[in-house]
Amino acid sequence: MAFEVPPWDNGVEVIKFKPVQVASNGATGKTKAKKQKKKKPKVKKHADQSNSTNATATGYRLGKGPLAPPAESSDDEADDGLRAMHKIRMGRIEKQRPVTQTAKDNKKKQLKLKPAMIGAAVEAMETSASVVSAAPTPATLANKLQSELLGGRFRYINEQLYTMNSQKAEKLFKNDDEAFEAYHAGYRQQVEKWPTNPLARIIKIIKRLSKTLIIGDFGCGDGKLAQSVPNKVYSMDLVSTREDIIACNITNTPLEARSLDVAVYCLSLMGTNLNDYLLEANRVLKLHGIVHIAEIQSRFEDVREFVRFMGSCGFDLVKKDVAVNYFYFFQFRKMRHVDKQVKLKPFSLKPCLYRKR
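Heads up, the sequence shown is in the working numbering, so the first residue is 1 and it goes up one at a time.
What the hints contain is simulated information worked out from the structure, not anything from laboratory work.
Don't take every hint at face value.
[To be verified] Restricting the straight-line Cα-Cα distance to at most 27 angstroms, the calculated cross-link-like pairs of lysine-lysine (DSSO-like) are: (1) Lys-204 with Lys-168; (2) Lys-232 with Lys-193; (3) Lys-168 with Lys-207; (4) Lys-211 with Lys-193; (5) Lys-207 with Lys-319; (6) Lys-345 with Lys-320; (7) Lys-224 with Lys-204; (8) Lys-343 with Lys-168; (9) Lys-171 with Lys-211; (10) Lys-350 with Lys-171; (11) Lys-340 with Lys-174; (12) Lys-211 with Lys-174; (13) Lys-345 with Lys-232; (14) Lys-319 with Lys-350; (15) Lys-224 with Lys-168.
[Claimed, not checked] Okay, the calculated beta carbon distance ranges per label pair: (16) Arg-208 with Gly-119: 52 to 60 angstroms; (17) Thr-212 with Gln-341: 13 to 21 angstroms; (18) Ala-124 with Ser-210: 53 to 61 angstroms; (19) Met-335 with Ile-205: 17 to 25 angstroms.
A virtual CB, placed ideally from N, CA and C, is assigned to each residue, including glycine.
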């Protein structure tokens with residue numbers, strides 16, 4: 001096909017071009033400026049395949065620089081290599097510590113027991129096995145049964161004393177001569193299980209006071225306080241187990257008014273008529289006399305309410321210790337006289353009841 005150039009100027013010659021092949025898609029006027037080069041077949045190497053597989057699995061592309069990990073390394077080794085490269089770029093180079101001979105020896109060490117230790121351990125195991133397998137003797141069974149009966153009697157009497165007033169408690173012990181001894185025998189068993197004996201703490205406090213002070217032990221039990229301090233002590237309880245113990249209702253004692261310097265209530269605020277207990281203490285105490293009270297922690301719902309009740313009975317709080325486990329300790333001072341005929345709002349603490357077995 002011939003192409004002619006328009007005659008822009010005179011003397012223009014006609015130029016003929018060689019025909020050009022038309023593309024297969026039917027387009028005209030398009031030529032291929034460059035000839036297609038023959039592509040060489042790609043040779044896939046095993047190492048390249050492993051590298052591409054690793055790059056796909058780990059999500060990054062392995063380089064070929066001097067710091068690149070070896071091609072045959074696993075994914076974990078590649079990760080370690082990249083971490084090492086990062087530390088070098090950040091200026092941190094950590095050297096591996098050489099494994100010392102001592103560490104190697106420790107790995108190879110085994111537990112070696114001496115024959116004497118092995119023999120002692122076997123003997124201890126045989127002894128414990130014989131103790132477990134040994135059948136209880138009749139005497140052991142009798143003592144266990146007696147202890148359980150004593151515990152049951154103690155829990156019953158204890159519940160009665162906490163849930164009745166002092167007048168009914170006095171009648172209870174008068175009608176049953178053995179009840180008082182059974183109660184205190186069970187009480188002594190309970191004391192052995194306590195983390196501390198509150199009476200021992202009160203005894204230490206009394207020993208630091210002047211020996212001329214007169215003490216009143218309200219609800220003394222077996223009268224241990226009087227036997228432990230050099231002071232004159234009036235021991236009082238519902239039943240007398242010794243000649244120096246006064247048998248009386250501690251809400252109405254035979255003591256003269258304003259005759260005591262110190263009054264002690266160690267786990268003895270048991271009745272439901274606590275007003276009568278503390279008004280009697282106000283009567284027999286001198287002005288500015290001291291009252292020491294120790295009670296079980298679980299009996300108090302609100303310590304502030306108890307302090308307010310003591311204030312209505314004429315006593316001001318000196319100090320308290322409610323951080324001691326299992327027991328609370330209070331020290332009050334008599335600041336004014338309150339007549340026993342004054343009508344106060346009834347007040348009582350929660351009963352301390354032991355679980356039945």
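ask   = Against which earlier hints does the structure fall short, listed by number upward?
value = Per hint list: 1, 2, 3, 4, 9, 12, 13 and 17 violated.
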